[in-house]
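Same order as they appear, the protein sequences are chains E and X.
The first sequence: position 47 = 47 (our numbering), numbered continuously.
The second sequence: position 69 = 69 (our numbering), numbered continuously.
FYI, nobody ran anything at the bench for these hints, they're computed from the structure.
Since this is a predicted model, take the numbers as computed values, not measurements.
The beta carbon of each residue, even a glycine, is placed where N, CA and C say it ideally should be.
Mixed in with the good hints, there may be bad ones.
[Unchecked claim] Subject to a maximum C-alpha distance of 20 angstroms in a straight line, what follows is the list of computed DMTMM-like cross-link-like pairs (lysine to aspartate or glutamate):
id, chain 1, residue 1, chain 2, residue 2
1, E, K83, E, E15
2, E, K83, E, E100
3, X, K3, X, E17
4, E, K71, E, D30
5, X, K54, E, D59
6, E, K83, E, D59
7, X, K52, E, D59
8, X, K3, E, E15
9, X, K3, X, D67
[Claimed, not checked] Some chain E residues close to chain X (C-beta under 10 angstroms, calculated; not the full set):
id, residue
10, F12
11, R13
12, G16
13, Q37
14, Y102
15, T110
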Amino acid sequence: DGGITQSPKYLFRKEGQNVTLSCEQNLNHDAMYWYRQDPGQGLRLIYYSQIVNDFQKGDIAEGYSVSREKKESFPLTVTSAQKNPTAFYLCASSPRQGGEQYFGPGTRLTVT
Amino acid sequence: LAKTTQPISMDSYEGQEVNITCSHNNIATNDYITWYQQFPSQGPRFIIQGYKTKVTNEVASLFIPADRKSSTLSLPRVSLSDTAVYYCLVAPNDYKLSFGAGTTVTVRA
């Protein structure tokens, strides 16, 4: 089955630790995205990548980092610099500019 | 990005048609109108996209008047499983999308 996978579904970390969220797609899409969603809120764009080895900051990139070494993978690292990391994180991909975005199941991160 | 305004919530009953109107007074010439659906603890799912007039697919219809300052998503004969948050997005055909708080649609039996 083609699609986007995110792992793990739930993640717990202590404050001060960096944590990396996985996102993999086998849809052969060029573009990939990371969003953050807080309770009762819409999605906010963290980072996006239009092509391998290239990525741009979204609206709330501070405290996050990404890499795009392979077309299929776009991992997100939540660093200790992120003030409020507890949230629902969603990864998406799209085949072309302006195209429909396909979302993964999300990772719920809790930092205490 | 053009700002969008949509109702916070709407209630309906099974079998009824649900119409959600989104206002986007500052829509630009190259902006498209896209709607997504999101269930709790899941990623959003694309529903429909349009530029002008009417677009219909197997799930919904999208009505866009000539001035394009608003759009209406129409869900025919809703069922309990259509209970979700619906997002209206207006953006040029590029990579960046901005999701607002959306409209929470609750379908009752």
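Which hint numbers doesn't this structure obey? 2, 3, 5, 7, 8, 10, 11, 12 and 15
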